[in-house]
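Protein chains in written order, with the working numbering: chain X, 1 to 256; chain F, 257 to 392.
Treat the hints as calculated values from the structure; they're not laboratory data.
Predicted model only: the values in this text are computed from it and were never measured.
Cβ atoms here follow ideal geometry from the backbone N, Cα and C, with glycine treated the same way.
Incorrect hints may have been included.
To be verified - Here are the computed lysine-lysine pairs in the DSBU-like style, where the Cα-Cα straight-line distance is at most 30 Å: (1) X:K190 <-> F:K295; (2) X:K190 <-> F:K291; (3) F:K295 <-> F:K322.
What the hints assert, rightly or not - Covered stretches of chain X (chain F as the covering partner; in silico rule of three or more C-beta atoms under 8 Å from a C-beta of chain F): (4) 93 to 106; (5) 240 to 246.
As the list claims (entries may be wrong) - Taking beta-carbon pairs under 7 Å as the criterion, some of the chain F residues facing chain X (in silico): (6) A271; (7) V272; (8) E274.
If you want the building blocks of each chain, they are given just below.
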Amino acid sequence: MKIIAFANQKGGVGKTTTAVTLAHGLARHGRRTLLVDLDPQGHTAFSLGLEKSPGLYRLICLDEPLRSTVQSARPNLDVLPGDKRSESVKRLITLSDFRESILSDRLRAADYECVLIDMAPSLDVLHVNGLVASDWVVIPTRLDALAIDGVKEILLTMGEVGQRGHGFQGFSILPTFFDRTTRETLAQFKEIVKAFGAHVWPPIPQDTRVREAAAYGQTPWEYGPDSPAVTGYLDNRQRIGGYQQALDRLMEVIDA
Amino acid sequence: MPDPKPERRTVIDPAVAELLTGLERQRSDAALPRKEREKKARERAKIQARREARATYDLPPALREKIRLLAEEQRVPASQIVTLALARFLDDLACSKVDLGSYKCPSRSPRYDWNLEFPPELIEAPRSKKKGQGRA
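Bound conformation, chain F alone (with noise of 0.2 Å):
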């Protein structure tokens, strides 16, 4: 049997990690001229305030391909296109336009109840285009 892979012990306490990781930045920056620490400090914040924007969902492919393909033909980004669909959903959700009953199947995940199971068509299906479409 192969020796099993040896784990990198952690030596430090992660706060302290983190915070000499602070520290050195604090420290390397200061020798930076002005303009050049504006910037860096200008760059970390987008950075952080980006950081609140992001969201990890899984996704089924076909479903992530046809987002690609339909932000590439619009020319906006991907991530508006689905901001712009899940504000929506969450409207018809709301207005009861959308029954999230009709897909619940009982989950055996002990953290879930329920699993969503959606129709092969829903997921697959070509994106129908339709030309003169309005802003929906």
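Just chain X, same shape as in the assembly (with noise of 0.2 Å):
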């Protein structure tokens, strides 16, 4: 099993959109996946067409069993939903013993082939929480200033997560919102290529479907799947970026 983690301390890169979009691609393709959402806003649920509920409240707090705690959403797909209790998970583990490995040993002990982990926009003991229980970050940022000042701030924190013991596997950085006919995207994209280099995934175009999708309870492979977002750029009658691609790198991660 691979857990895989969605993080980004900058809000509204696209980290919800981008973990339900790959979790759900992941279960097309067959592979047994479940999303868990430690953010209290309580979208990946909602983005599956789903009500929010206190799935994570109810596993960490309550100690309910994962499976009575996960809903299925499609297919292959369930989903740890999270809602404003999430809240306080924080407080309660907070106050635990071995509190930074708390969600790893109730997610390690699942039977799926592909966790993936949507975080909150924070930097608190249930981020932490996800990062310990990762094997790989995927850091989905926008290309703008702040957003890359966000994926540095992640890979400063990993590597404070790193230092306690917790071995990652590996990071990639997967360019959101991608513009191509603004010089301020080539400007950043060239910045995160030549620090980044091979870290840096093909970006997914910037796409008002996938804004849709999320309001019709549909993921961008049901919504739009001929989209921009889905299907990447067409250049020289190849096709680059898009969810498609990104999913393509997932696997890779995931079956290596």
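Can you join these two chains into the complex? Each is in its own frame, and there are hints to help.
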């Protein structure tokens, strides 16, 4: 089992959309997938057309078994939903022994091929729990200076978690909301590629269909399978970027 | 033993590299005057259109030479000679005027079941010149 976290301390960079889309993509490929919502906003379940519910709270605070706290969202895809009661989880974890590995202990026992964790844009004990539980971290980022600063911050946090003995297998940076018509996008993209090289995945094009998809409780695979955010840009008869290519990269990570 | 030649490592995702090149090209094109930009776009479209029509096959050198000579003699592009020859061949094959079976020999390659073996005179023989030959 591989556990992948989607993290960036900057909000609004596409963490939830990316986690939901890639989780559903994996499930469509027949991989038994669990999507965990660590964000008290509870948007993971909402994006899949489900109601927010205190799944994480019941798992950690009420000590219920994982199978009774997850909801089936699609074939091969279960969700451990969250809502505002996830805030109470943080308080409980803070008071617990071995607090950094509480989530990891619960998830490692699960019977899934892949677990994707949608992290909140914060730096609290739940965030650290998510990082400690994960093998790989995908960092979605907009191509602007503030979001890229968020990338730097999450890498520093990963470094700190690493110093406490947790070994990540690696990380990837996924540029989102990519608008190839602006100079700033190109400038930031070049910067990020220069700094992180092969860690940078092909970007996800800016696409209104993705925003619409969440409103309908559908994933981009269902709502706009031919939209640029899914299929990428057509460049020289080649498709570049998009969630399809990100999914290919993610499956390489999972199968490695 | 000499050290193995160091291999250059790919440091960025190939799709990312492709995208960066495209974006750089767009940016440099944007700085050109409109006429030059349009000319460049036309040239690129032409190159891309030609790409579809390109194919690479291995041919015996003697056959290639024959095609070159014929193209020179007729003052037409060699590609068009080959296009005509292939189209005629496919027609003949469809009408059973050509029997591939007579050239087939078992192949030891895991990829193919057969090889076509041609009699040397078919490939090597000089092209016979017939005057007043009509359009084939």
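Tested hints:
1. Our distance criterion of 30 Å between C-alpha atoms is met by K190 of chain X and K295 of chain F, whose separation comes to about 27 Å.
2. With a C-alpha separation of about 29 Å, the suggested pairing of K190 of chain X with K291 of chain F holds against the 30 Å cut-off.
3. Between K295 of chain F and K322 of chain F, the direct Cα distance comes to roughly 37 Å. Violation of the 30 Å bound is thereby established for this hinted pair.
4. Given as covered by chain F, the stretch 93 to 106 of chain X fails the check, having 0 residues with a CB less than 8 Å from a CB of that chain where 3 are the minimum.
5. By the rule of at least three residues with a Cβ nearer than 8 Å to a Cβ of chain F, the coverage given for the stretch 240 to 246 of chain X holds, with 3 such residues.
6. With 7 Å as the threshold, the beta carbon of A271 of chain F comes within range of chain X, its nearest partner Cβ sitting at about 4 Å, so the hint holds.
7. With a least beta-carbon distance of about 5 Å to chain X, the hint placing V272 of chain F at the interface is held under the 7 Å criterion.
8. At its closest, the beta carbon of E274 of chain F sits 6 Å from a beta carbon of chain X; the interface hint therefore holds under the 7 Å criterion.
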